[in-house]
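Going down the list, the protein sequences come from chains A and B. The working numbering numbers the first residue of the first sequence as 3 and each following residue consecutively. The working numbering numbers the first residue of the second sequence as 3 and each following residue consecutively.
Everything labelled a hint here was simulated from the structure, so no lab data went into it. Mixed in with the good hints there might be a few duds.
[To be verified] Once the Cα atoms are required to be at most 27 Å apart in a straight line, the calculated DSS-like pairs of lysine-lysine come out as:
#	chain 1	residue 1	chain 2	residue 2
1	B	LYS302	B	LYS278
2	B	LYS302	A	LYS147
3	B	LYS379	B	LYS11
4	A	LYS147	B	LYS278
5	A	LYS318	A	LYS335
6	B	LYS352	B	LYS379
7	B	LYS379	A	LYS124
8	B	LYS302	A	LYS124
9	B	LYS352	A	LYS147
[Unchecked claim] Partial list, derived from the structure: chain A residues whose beta carbon lies under 7 Å from chain B:
#	residue
10	GLY164
11	GLN168
12	ILE213
13	ILE414
[Unchecked claim] Reference listing, derived: stretches of chain B covered by chain A, where coverage requires no fewer than 3 residues with Cβ under 8 Å from a Cβ of chain A:
#	region
14	191-205
15	390-404
Note that CB positions come from ideal geometry on N, CA and C, so glycine has one too.
Below are the chains, spelled out letter by letter.
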Amino acid sequence: MNTAAVLSSALAGTVLLECGGEHGEFAGMLLASLGAEVIKLEGPRGSNSRRLGPYTTSERGPEHSLCFSRYNLGKKSVSLDIDHPAAREALARLAVRADVIIDSGEAVDVARRLQFYRDMQKANPRLVVCTITPCGLDGPYRDLKMTDLTHLALGGVMASCGYDPQADGVYDTPPIAPEMWQAYHIAGEYAVISITAALNFRELTGEGDCIDLSIHEAVSTCTEVAIPTYIYNGAVVRRQTGRHAAEGRTRPWLRRTKDGRYVKAFLFWGGRDVRVITEMLNEAGIEHDLESESYRELHKRSPSEAQTHFSAMIDKLVASMTAEEVFHRAQAKGLLWASVRRPEENIEDPHFQARGTFQPIHHPELGRDLNYPVSVATDGHDRVTAFTRGAPRLGEHTQEVLSQAGLAAADIASLAAQGAL
Amino acid sequence: MASTETARKRPLDGVRVIDLTKIVAGPNATRMLATMGAEVIRVEWHDDRALDLLRGVRPLAPGGEADSVNRSGLFNNINAGKYGITLNMNLPQGRDLFKRLVAGSSVLCENYSPQQMERWGLAYDVLSEINPGLIYMQITGMGKSGTYNGYLSVGPTAQALSGLTHMSGFPEPMPPAGWGYSYLDHSTGYYGAILVLAALLRRRRTGRGCYIDLSQTEVGLMVSGTATLEAQVTGQPTERHGNRMQAADWAPHGAYPCRGTDEWIAIAIQNDDQWKALITEIGAPEWGRDGRFAGGAGRKANEDELDRLMAEATRNAERYELMNRLQQRGVPAVALQKADDRCERDPQLKARGYFVPLPHSEIGTWNIEGFPAKFDKIPADVGGLPHRGAPMMGEDNDAVYRNVLGLTSEEIATLREDWVI
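One chain only, chain B, in its complex shape (with noise of 0.2 Å):
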């Protein structure tokens, strides 16, 4: 276990990040460096164009004022462990508070619309000037750099180019399913995470920060599988297959239905072990005996029949109960969870202290999504170096003023009179 002195250490310690992020991509970064021990200091400002559309996002904490910018669920699990200010970057004095920041901190995540820092004058060139050792990553949808350099994007937008949409879903003539929420956003977050995080140990080591521009769509492309390279190899377009697995003869392998409303099993055969046991445990002798069915070959050919038979069998049972039965059996089968499921069912969950229950000051304590490793030794707080949920707009603005900028009462007093935080 940790030594007494080690204990306290998070990976992070001594990196101050400005987190000038919006929605989900860039905040998700900044969420994962705040885990890791980071000082992250959210940048904000009031009006329409600069507000993180986020913190008016359903769902909305019960109560309060109707037009509080601090009740969003989802602002406050996504932006849980961080520090918040305002400054209105359209003043050259609050331009100048930032180049102040810039000056003292690590790192610089941003994600405004890909031209937005260079209308400032605060693109990378500037902003390594006053700081060399200066890591400033940028997140847009297509990447900054390229032909797309002026185009717009937001999750759904870059899930539709990469062809993530695409591969989602039945084949034609169904319209591709695509993702059910902005998954880019979450992956682009972490991919932010680890590209800053391998800044930093470069910057241990060599003493020299960097400009990194992160592309949502090509992190698209990165976790599209095999698909762009059995492409090239077929000549044939990628085509959709259902829950339905191309890459070796496993079936049946699908989700089917159960008793209730909506309810469903995952079931994935990998071999005709898991096959037999199957058959024995949802009382299907005559599969066995169904020569089309043998072997994992004959069951990927007959995988229409195979499917609605499963269906059949499936549709009386209770999810939990048989996926207990048949995992018992050693076969990989499980309740297909929703988020009520999650919550208050799982076991596994509450079992390794999955949700983190963490105070917001104006809402009250909220569980939010853990962080989904345990360490020995790095304390992985999904409440940052505030130990508490998302800040209110603002919250910070004393505090990080006078103690990282140095500014006195009275100076933060007309800063605020004059619209500039």
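Just chain A, with the same shape it has in the complex (with noise of 0.2 Å):
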């Protein structure tokens, strides 16, 4: 693994807590990978997240949850219950040392313990804490029972991605929600953005802060043209198929190849786009007439019949091709399109492997590797950032991480009779 990568020691020394459920997981990692030592406290039972799939094999035990394991590389595992009115005191040696907490939930479990690390923040006053809840720690939503989905219902999301509608402009299909975990995504990112400010705000003035997220609000923000297009037209964006939302009916972008599968394939009308495409079907031998003087005639007629008289012989030229031969013709070609691919589909691609963009990383119980989506960025050469170890198993680092903050070997084992780790 690459351990110099040039972010990756960004956050070196940098101790995180992180509580609560799987809403921060995700802001985790990503700090994880930034160089921070992320110690995920997450119970005898294990994070909501080892329960939830796709697994690694049939069993269902804690350790087999792919669905935890890429939530969680990089970090370490301490099985304390911070709930547990026994674990206080240990909970209170990590948090002293601490410099990041993360804690999220539901809004009335996670201010519970918001006083808590408020006590410690007087104690620690370089501590950064950063709730993640659902609609944040106050107002009339605070207590709302919200899932990935009615995130995404409720922050407008699913009101742009959907289908066309039927002719007659009626919806016969519902909105969409854009598998997977999208809401917790755009929070972690937030909350990442949201910690690494107030760790350089820590650096100009020596003081942490306390940070008060709301999924909703995050969501909310990323929906692109849906806010503006109301606030300055008065107007709402109706769902289309596989392309922007719009206020207005607009040219479908996908379009399927000879292998069956789709391409994104759009245009802006510019006289380049024209002449490319055009060139395009000359190479491929397909007929066409959009060089005749009927064609001409009847772009200055009727401009939209031209466009869809046009449209159509995209369709044909890209019917004609693989989608992988539309994708890499056109980029030649300098038009923006691209094959729909399966995520799966790029692992092998060789710019990808060039660039690193996926980590193996050991499955024991598979006995072998699988390769982790982990990097956005190089340095030209390198990625930024990295991960020095897999995803923990449950309490793998509850011995260590406990030691390390001053509880002897018998504080841990009566904590452990307790029932708190």
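Mind docking these for me? Both chains are given alone in their own frames, and the hints should help you get the complex.
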């Protein structure tokens, strides 16, 4: 593993305690890739995500969830139940030497623990606390029961995603929530922005801070033109198949290829696009009339009809090639098209192999490695962030972490005996 | 609460960012930095090839001159809190001024087409000679290194290639629904901000700058959930699942029609308690007696029938009223909100001060989408240092060229006459 990645030292020496539910796991993982020592306090039953699929084998034990292993790369696991009365002393010892605490879950639970964290900030004023809750720690929706799906519905993402209405403009399909955990991804990214900003603030002031992040607000910021369209024009965008939601109907982007796949082939309707596509039709030996006088006449008489005709020619072009052929040939001509790939089809792509996009992580229960998408950036050669380990086994670091925090073996045994570990 | 001394401080005090970005992905990254107190200076130019297309994108603020480049609501939303200058990078004099700006800055963010900076002679090796502490983040669709380094991309391209388009929608034979907007422009902006904030922490410690080659498609892979892992374990290609939950036996799980035109409620049942509460509230006791729906596994196995029954049961309900009734019983259920709902009806966004009115020098004061977290101390202000919406084209030429580069009024006037600024 590449431990010399440029930004994997950015948070070196930063100790982060990750408490609570699955909402904060993505944030903790991203911070681990920047070099933070992320200690997950997940209780004796383990994180909720250990009970979510998919699984590596037919077993359903805590070490078989791919959901857990995906969102907990690079962390340490301590089986301390932070809500157990006997755990307070251990938690205080951990918090006093920590730089960051992330706590996520329902507001009522997080708010109860927040007072303890604020007390810890008196002993450790450099501590940064970030709570991640469905709708924030105050307001009329504070206690809504929420999931990834309901967040994408309430926050406006689903209203922009789905299929075209019927010819009469009436929808016969529901809005769609894109898979999966996108509300938690968005909230996690904002949490990391907030935490790294607070760490910059701490460098300037010597002081920590307390952050109250609302998943609902985070999702709401992430709908592009939908809110401005309403604010400025009083209009509501309508969902369409495979392309941007818009006030009015726009032309399709998805087109079927020879191998039964799709490409996203859109047009900006500039002269250059028309010329390039004409060239591609000629090269593919497909008969067309785009260079004829009759087409030019049609274009003059009815640009809309001409565009429909032109679009049909693109359908013909796309249908003559595989999705990957369309992608590479179009890109060679400077068109911004791409094949609609399944995510796993990128693992073997030489481009992503050259960039180290995926990192093999060993799974003992499978006896082999799985390739995880881990990197979004390089320094021109190597990836800039890295994980030094895969996801932890439940309680794998309990002894190590609690000993380092100053607990004697007898104290740890006592915690276990009381059910706090 | 904050001490008086630190109350005025912001995380990125003293950090100057040169913002050579367009459309949404790059500008969204620098928007986050402006919110955290960086002095973000957008560098733009008038001619068709250089002009940020977003300046012309609808919705436009009503009234004003038809050819104004200062009226786009989306541009105003994404570029709030920044300063704006014009600079003709195609002239040697323009590039010299650019180098002087870079020499006095901490960060350069850029998302032109992949080879443009080399064509201008402004690649990282040149700029880091001028400013060894420079953090230069280049955002491209696929990534600058690797085999696709000449490929062009916008958000929908990266969404197609990364697998996000494929993963949204109903299973075959339905086509993908994809995302109804450029989700990866948002997410890439968040990642861009994260990586720059981390690089700034590293620089505070080491004094060293770095080059970051951020790939929008790789961001898509990072947020593709567990799909790549599951495909490696099962050997089966990733499929779509509509609005259904694949990671657990959560059913019903979807969007169900309500009274009105294209109105929906999203409901996610995670356990038997929620199921019983749902049955009680929507008055369908016979569902509880139907052995097929006993337990999560039973409901999951009979999801087609369950969805049909659900749609019948919700069809005549008012969506907010049903949401309130179900939420009172602890059921995750929410009205599926469109933009008008979020702007006008959502009491939580209102109570938390989500929309921030900010002045714009040409179009007046408009609501801007805020930052989704509250801090005890950090003033996370989307209005940034100038506390306003987006800059007009070249609005801050005089202030920036005088105060940052120390040019005289006469020199600025000459540059203007020579079409350099």
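Hints, verified against the model:
no., hint, in the structure
1, B:LYS302 - B:LYS278, "holds (15 Å)"
2, B:LYS302 - A:LYS147, "holds (21 Å)"
3, B:LYS379 - B:LYS11, "holds (9 Å)"
4, A:LYS147 - B:LYS278, "holds (15 Å)"
5, A:LYS318 - A:LYS335, "holds (18 Å)"
6, B:LYS352 - B:LYS379, "holds (22 Å)"
7, B:LYS379 - A:LYS124, "holds (15 Å)"
8, B:LYS302 - A:LYS124, "violated (49 Å)"
9, B:LYS352 - A:LYS147, "holds (19 Å)"
10, GLY164, "holds (5 Å)"
11, GLN168, "violated (12 Å)"
12, ILE213, "holds (5 Å)"
13, ILE414, "violated (33 Å)"
14, 191-205, "holds (count 11)"
15, 390-404, "violated (count 0)"
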